[in-house]
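Trainee: Whole structure, please, built from the sequences with the hints as guidance.
4 protein chains.
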Amino acid sequence: MVEKHFSLLKDYETVRAVSLKIIEPLEIEEMVVQPTTEVSPIKWHLGHTTWFYEKFILEKLGYELSNNASYNLIFNSYYKSAGKHWEQGKRGALSRPTVDQIIQYRKSIDKKIQNLSLDELKKIDSLLIAGLHHEMQHQELMYMDLKYVKYNEVIKTPYIEATLTTQQSAVEGWQTIQEGLYIIGNTSKHFHYDNETAPHKVHINECAISKNYVTNGEFLEFILSDGYKRAELWLSMGWDWINNNNIYAPLYWHKKDNEWHEYTLHGEVKLNLQSPVAHISYFEADAYARWKKLRLPTEFELEVFDRITSSSHSRVSRDNTLHPQAIRGQNNELWCWTSSQYSPYPGFKPFLDSLSEYNGKFMCNQFVLRGGCFTTPKGHYRSTYRNFYLPQQRWMFSGIRLTKDLHEF
Amino acid sequence: MVEKHFSLLKDYETVRAVSLKIIEPLEIEEMVVQPTTEVSPIKWHLGHTTWFYEKFILEKLGYELSNNASYNLIFNSYYKSAGKHWEQGKRGALSRPTVDQIIQYRKSIDKKIQNLSLDELKKIDSLLIAGLHHEMQHQELMYMDLKYVKYNEVIKTPYIEATLTTQQSAVEGWQTIQEGLYIIGNTSKHFHYDNETAPHKVHINECAISKNYVTNGEFLEFILSDGYKRAELWLSMGWDWINNNNIYAPLYWHKKDNEWHEYTLHGEVKLNLQSPVAHISYFEADAYARWKKLRLPTEFELEVFDRITSSSHSRVSRDNTLHPQAIRGQNNELWCWTSSQYSPYPGFKPFLDSLSEYNGKFMCNQFVLRGGCFTTPKGHYRSTYRNFYLPQQRWMFSGIRLTKDLHEF
Amino acid sequence: MVEKHFSLLKDYETVRAVSLKIIEPLEIEEMVVQPTTEVSPIKWHLGHTTWFYEKFILEKLGYELSNNASYNLIFNSYYKSAGKHWEQGKRGALSRPTVDQIIQYRKSIDKKIQNLSLDELKKIDSLLIAGLHHEMQHQELMYMDLKYVKYNEVIKTPYIEATLTTQQSAVEGWQTIQEGLYIIGNTSKHFHYDNETAPHKVHINECAISKNYVTNGEFLEFILSDGYKRAELWLSMGWDWINNNNIYAPLYWHKKDNEWHEYTLHGEVKLNLQSPVAHISYFEADAYARWKKLRLPTEFELEVFDRITSSSHSRVSRDNTLHPQAIRGQNNELWCWTSSQYSPYPGFKPFLDSLSEYNGKFMCNQFVLRGGCFTTPKGHYRSTYRNFYLPQQRWMFSGIRLTKDLHEF
Amino acid sequence: MVEKHFSLLKDYETVRAVSLKIIEPLEIEEMVVQPTTEVSPIKWHLGHTTWFYEKFILEKLGYELSNNASYNLIFNSYYKSAGKHWEQGKRGALSRPTVDQIIQYRKSIDKKIQNLSLDELKKIDSLLIAGLHHEMQHQELMYMDLKYVKYNEVIKTPYIEATLTTQQSAVEGWQTIQEGLYIIGNTSKHFHYDNETAPHKVHINECAISKNYVTNGEFLEFILSDGYKRAELWLSMGWDWINNNNIYAPLYWHKKDNEWHEYTLHGEVKLNLQSPVAHISYFEADAYARWKKLRLPTEFELEVFDRITSSSHSRVSRDNTLHPQAIRGQNNELWCWTSSQYSPYPGFKPFLDSLSEYNGKFMCNQFVLRGGCFTTPKGHYRSTYRNFYLPQQRWMFSGIRLTKDLHEF
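Protein chains in written order, with the numbering used here: chain A, 7 to 415; chain B, 7 to 415; chain C, 7 to 415; chain D, 7 to 415.
Source of the hints: derived by calculation from the structure; they are not laboratory data. Don't take each hint at face value.
When chains are identical, the list treats them as one kind, so a pair holds in a single copy or across two.
Claimed, not checked - List of simulated lysine to any residue pairs, SDA-like, C-alpha gap at most 25 Å:
| id | residue 1 | residue 2 |
| --- | --- | --- |
| 1 | Lys61 | His386 |
| 2 | Lys410 | Leu358 |
| 3 | Lys61 | Asn278 |
| 4 | Lys262 | Arg102 |
Mentor: Below is the structure:
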């Protein structure tokens, strides 16, 4: 086997092992429940990421689907071309396959992949790479989902036992972006998603982006200034959303004995005012920026920012901390909301075949987030990466960087 | 310890063991999920029945609640006087306490009950008996719920492996009820629910009640005669219900390769035409009766019928069959819908204190079912027993007995 | 023409005129809107009552339907046998036919009816009588609906200009009902609804029924005693209903400058403590009775009560007052909630043909009200009359009579 | 009075008269109903446009609000800074003020405006101009809403009696847009909305835009090719929308006797294959473009297109036709969907004070439409105008222009 493909199978082994590592601290019951539609059962992620290889690679190579049609129904997320799929909001109503059966399923697919001939591998190597990135993406989702599951319990327990330590930020100030025409989008030959192409020119006016994230302390000032009660700070849909859902603070915050606390993967802690504010919706990020008389960056500005700063090189040194930290050396601790609604780039072409549904069909009513976060797997980070969520969603690890215009309009 | 109380603790042991027996064939995952609001997770039943003893007996005796307030929140079903309770439709969103923790909880409460002093027992013996009946009631609910859970799966598996055998009915014809004033309600000194009192006079006109249940074969004729498509056979709410929910056959029936099948606790089988039709709503029972130009019995008529026939003596010989059988010797195989809406009897007084919420507050928009079924625990059967469900519910083991008027109006 | 039929056409003329009299004080706009599903636009009542004669009488006699199929679609309320009908909750979305066109429609049908030959009249005289009762029933509905329409406005105006005068009650105490077997149901040859038959024996225990309605002042005490906040007073569904809908007082009550006011057909007035409390739901009537440690009467008890008291003779002296008054000489000012769920009497047979849908198909999840109210047309009153509403409804003129048991259970 | 202000009052008179002209053919009833949330009663538009002058101009000048607080509550659409407003979806539940009262209200406000002193006029002239544009915008809305109202009727009638005549398109082919940096946004000193500023540079790649709209005939091909049934053509939200709402053709189309018909303001007509397809959602426009292997233009491309073509000069010659026509000389017959989600321009500053809510707070989950339509008042047209709707909305006069890339990516 040539080295490139040997290395690919090595990567496969590594990525697959991470998913199982993530569930180690969990009880079976914690992998079954689905407390809200957008949060999938953890066991479903284990099955779905496996099905992805089976459906899009092994079946293409002529292998028969195992487990009749039922796994295809259950573990297909939303690929209409791959047949019917179970309703997303009802994944938590299924107890079967059990966690144990899913782990057996993983093993059986792993074996088939590892036993592929060189000829077979050559035919599907780019799909296999896509599959690994898909699984990495789900590993971050697993952290998001398990955090929500554990927070939603009456009996809240930490995901990891280690005490959460927090640090001061080591960076300061604003990074200027010069006016000019920039090439936006991915120009490399390495793997990237279809939504990062085609590279194209975008004009940016002079502006400056904060090197630090907005902190819990700063966001608390917004709350104390009645930020959640002043209609003029909010988008119309945002105002309706906070009022219909009784939103008055970021997700995972609550007041106990008159002191703010935050649920973290390390358990509940007193709110650390130095840490970046996390788990906020676009609506909240936007209202905060308006309150500060500043604005959120566009996705183009943030792509340039990311290229300029060293953030892509030194990020994600986790040292047992599963929580966003104050910034030291430009780590990407949180996905940053941008003011850019998620649209196709000029010249956008979806992935081919089944994977054509991967990104393009979601380009509606979502906002782009940029930069990665502390649970983003190392191999899954790119300056050109376009993450996206609905403006009211906030169970992902989202945060705020502010922007100020230097251009005079 | 005096014999009566010794015997009570013996009963306690027996009843408690049955709940654990029921879950033996289940996977942990199967005890967690809640496929629809009315179906509770199996593990919740294990906890709730235990909490009932702790909250209403041990706490009254001065014992402290274990597990702080969280178990009281989670396992309280609907007793407003017992504090806040978790929302019924979200029980399946909680993974904790785990099955294992709940079984530990059961053991700890069992130990406290078994160690009660004679003085303590005397104070609470009637509450303890109520607790046992409450648990028996939940044992039947566990069968209802686990059947629905297993049916709702994409991957359907049997609850028990034994093959389902079916038999012919051994009884025939109609049982006449003479016109007269009857005493309705429970007059005994043995345990019974508050809703069975006060005994009072009810005038009944001469009528006759079918000794057999309506069978699958008979109900199939109704379907084949377009019974589900003829508005004139249905209550207005029933017609809306079948049309809004696309109902065209009893729950658990479906057609495969042009043949009707039924999901049972023994797995999926071809529809047995001799067996009683089960899992039908009031709306369907009522429409069927109208189609036959007959009617459903009142709850008073069925109480008298039950007293006359030997049904109370020889029922529930289960011989490994967990499915309603054709009638032999007047077994009560299925709860029979009555035309009686669930109302308080004249002179009705709710149970005292916390248990006052047990029955009375549900006397609205429900219909009474009578007679017990094949999963009703032996000690939980009474001729005067008033079961009740909403007219659209059908996941319980419900069936039909028809009635004809002999009186001329 | 024989006298009987001449008199029938005279009655027709009288009844028809009343409907037009009711709308005299209304603006066109007020006859169009439908503020909530259960309230129909006033103009719809004008059309529907007319369609009733056309569809069930004229068409039967061979007359063609006017206005093609559209009026049949629009003005059919719920008669499945009469073809499709427009959705109830969307009646207020239709501007056509306009009020003017509907009045033309009324005239054209009136003309056809008045021109019927004696032979024709003989064939349909009982249907015509039914039609008149149907229209009288809708006249009461028109008062209910227009009151709601005018109350729902931001700009509330009175329906009639006359000042509302109120009086003291002239009766006192309790009316005893002796224990015994009573014949319940209508035994006369005069017109009555199918749901009042068949007459049959019902055993009643000794009890006493209040001669007066519960007053606003008495109900206010319930409110001031936190009646709406004590779960133990409420049916489970009622408790959910008041909490989900933020109910804390009868419909049409509200507090202004710390004083209770009530919207009436005479406009908004200060709450009169002597007047009967009106516009309450079954849930509220039931909770009030429980709070008084009394109960609501059954429909059988109220039928007997009505026969004993003189209420059927001297009621509805309206003297320009369109509001329930304190009782003088046993007027029936308000429909009284009973604890009886609406079920078929033994031997119940629905009306024939199309009219079979008139009553029977609603015998589910409703409670019976008895006695008539101040807007019930004179000719539409009977001791055996069974009115019925859902337990949460309260826009009809409903009130409370209390009952106490004299029998010892 | 100086000429400029004299001319302004003249414009006021003209604009105001148009609103009353629009309602001439309507019955009172047709101005009251609200068949769906997004469609407001026609009488509400008459009141709301009047309130706009009273609240934002007269009150600012020190005049007292007429009609107490009720008109302010009823006719405020969504201005949080102007106090509470009645719920949008319940405007059709109010019959008062009546049409007559609203016309009186219009007259009284008109009188106050016409009587303003020169000093007063100078203080508020820009607000008055904004008010006129606001009213013109609502005049287009009135056409949209009354079309929907009349279509929603069981008894559908035309809005105008004149027969609809249709013509062939007189233009052909594609208009090329050269690659380059363009200034986008309004640079003039004349009135324009805040959302058209600030002017800023946008890079556009070479592309070509169709001079004609997509026609009914062309869209019909899409339907006949199963366009509504092929998931791969649709955005994910669009697919759910068509399936949940049973969408299979543009709004106002339906098949009768196997032939397609369209409801127009001239009544129902056979579908004219030469006319532009109208009343389609973004989802449908986008799916159609994908099916043609082309794309929708961006709003920047369409702004440039509009500048290049003569469309701004010769449009809106209505000649009694109230329906989009095939293009002759670049008329703007229909608003064109763009692929641009509605976002703030760089340097965007909302209008001051109360009008700050006019546009900015809706910049979320909407798509921009460009170009104006046949009901857009003449004075209300601008190349830089940014109209916007939710992607599923289609009761506005929306159409499709296609774009092809000439740039090679």
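Trainee: Between lysine 61 and histidine 386, at a C-alpha cutoff of 25 Å, which is it: within one copy, between copies, both, or neither?
Mentor: within (22 Å within a copy, 52 Å between copies)
Trainee: Please work out whether the CA atoms of lysine 410 and leucine 358 approach to 25 Å or closer within one copy, between two copies, in both situations, or in neither?
Mentor: between (40 Å within a copy, 20 Å between copies)
Trainee: Regarding lysine 61 and asparagine 278, is the shortest C-alpha distance of 25 Å or less found within a copy, between copies, in both, or in neither?
Mentor: neither (45 Å within a copy, 39 Å between copies)
Trainee: Within a copy, between copies, both or neither: which one fits lysine 262 and arginine 102 at a CA-CA cutoff of 25 Å?
Mentor: between (39 Å within a copy, 22 Å between copies)
This entry does not satisfy hint 3, going by the numbered hints stated previously; all others are met.
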